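**Student:** Given the coordinates of chain Y, work out where chain X should sit on it, guided by the hints.
Sequence lines, in order, name chains Y and X.
Note that the first sequence covers residues 1 to 206 in the working numbering.
Note that the second sequence covers residues 1 to 367 in the working numbering.
Hints are supplied without guarantee of correctness; some may be wrong.
Just some of the chain Y residues that point at chain X, by a computed CB distance under 7 Å [claimed, not checked]: (1) K30; (2) N112; (3) G183; (4) A188.
Listed below are the simulated DMTMM-like cross-link pairs for lysine to aspartate or glutamate, each with C-alpha atoms no more than 20 Å apart in a straight line [what the hints assert, rightly or not]: (5) Y:K30 to X:D29; (6) Y:K64 to X:E260; (7) Y:K30 to X:D325; (8) Y:K30 to X:D77; (9) Y:K30 to X:E260; (10) X:K142 to X:D325; (11) Y:K30 to X:D114; (12) Y:K64 to X:D237.
Because the hints were derived from the structure by calculation, they are not lab data.
Keep in mind it's a predicted model, so treat the numbers as computed, not measured.
From the three backbone atoms N, C-alpha and C, an ideal C-beta is built for every residue, glycine too.
Spelled out, the chains give:
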Amino acid sequence: MKRFLSRTLPLLMVLIFGVLGAIQYFVPHKVSQVYYRTILTWSIGVSSMAVIMAAISFLRYHYKKIMSSEGDTLYSSIALVAFLAMLGFGAFGTDKGSLFYQFYQNIFVPINSTMFSLLAFYMASASYRAFRAKTFEAALLLTAAIIVILGTTPVGSSIFLDKVTMWIMSIPNLAQKRGILIGVGLGATATSLKIILGIEKNWLGG
Amino acid sequence: MTGVLLIAFLIGQSAPKGFTFKAFDTPNDQGNSITLEWSGDTTPIKIVRIFRADNAVGPFTPAKILFGNIHSYDDKDVQDGKPYYYKIILITTENEIIASPVLGPVSSKPSWFDMSKLPLFIVLSFYILVLLYYILSARKGKEIKLRPIAGLNAIDEAVGRAAEMGRPILFTTGLLSIDNLSTIAALNILAHVAKKAAQYQTRLIVPNYNPAVYTVAEAIVRESFLAAGRPDLFNSDDIFYISSRQFGYAAGVTGVMLREKTAAHFFMGYYFAEALLLTEVGASTGAIQVAGTDAITQLPFFIVTCDYTLIGEELYAASAYLSKDALLSATIKGQDIMKAVIIAFLVILFFVAIGAESLAMKVANLL
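With the rest of the complex left out, here is chain Y (with noise of 0.2 Å):
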């Protein structure tokens, strides 16, 4: 029975809702519409409870590592302590003006600007790792980066760059980023009709 519960029926769902899920694409018939509406609604409320699950686990993790003082509690701390507070502030509305609205504006917002503020720092220094042209295809990446850079700046535009950039850009750019999309594509439809059929069973655990 538990082999049923863990393996046979969720394979069988699959393979289910699975030729459903592509038959459905292709019929736009009232009754594909109100099932997949139904689906949506299904998948909203399994969601749902997942959130329920995933509250649980923050609380777990961050409640054991201020217990274990491991000596990183005070981290541990401050989200446990925003995640009570703001829970406490959202039951009494989030409206503009709201205390929850006053936290998210002026604590969450700015604390999120800076996080991605950063990324121009990290961009700059994996750029330099990337720019130095040790190799053939490191100094062709280099060449190419350079007349794009420059191309997208007055300096460029006066020299002609613009046009070379927009070539890389709408030739050989669009080029590999179509191949690789085709590709995605070949392989998200392989994996689908392996986990439809039952041939992959690796996100069941092996």
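**Tutor:** Then chain X, alone, in the frame of chain Y:
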């Protein structure tokens, strides 16, 4: 205005010369929709008034008034199977009135097949047949050779290195939900990494962004440790949820990297701007990093900051490649065949396009 419309009604029994009006069941839809189209040589249209009736002689009642240079309208306020009649009156910017004849009877009905998706259906069916052929061939025992992919070989190497160093492995599954195929591909790789980690008695940490993915990832790691014969090593606290906020998640994962001193990092699935934050911090810790994504915009960042990167379809091939399972590997062969067909098709179309263009130029010169 009412008088003008009345006159237009009376005189508009046939469309002006060179002007066409059409009313037909909206194709490839779920029903309850009739499409009206009008076209012809005229100055831009200013107002469109649509009248509808249940029979040809009326009475016609206003169904819709549209403003602007519009040339079609889908009437979605109709019942399937019931015949309708339409009259359309167009008023141009020069106040010219163009009235349609009575259009109809026309009724709506739902479609059972979306004909606009027919080319995709044909290509997909062919591709599925190719995949099934190779799957069946593998089932009969036909050997399938796969070319070595450095990034995939590196997965086992990374797990091995973490085991040698006695430090944990970090695995992330991207930012998309469980309904995304790249996430499913990432979870397939997670199962393989989890089994290896159990075999090598190495700790595996899986911080999660998406609640649904978290629940599945925990089940997969638990099952994998069980399948590897080491359920005692499974620690549910190592698979945890961090945040569903992009940069909050990035901050959490980088914190784990620095505090836990992880020796191997896996970034599989779909990523956005946080990709570089994760991998740059990871690179600074000296850990071996393997990424796999079909997010084209993030691929350059992964290539620069990680030791190995699975590009696009390699992410999907990973599970089959790592498992060395003949049935799983068979689909990779099918993918390669389909790629060859697509390339051949593109080359043929390229030459046909060039040929057609040169032929058109010759004809133009002759004329």
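**Student:** Under the constraints set out in the numbered hints, which ones does this structure not fulfil?
**Tutor:** 7, 9
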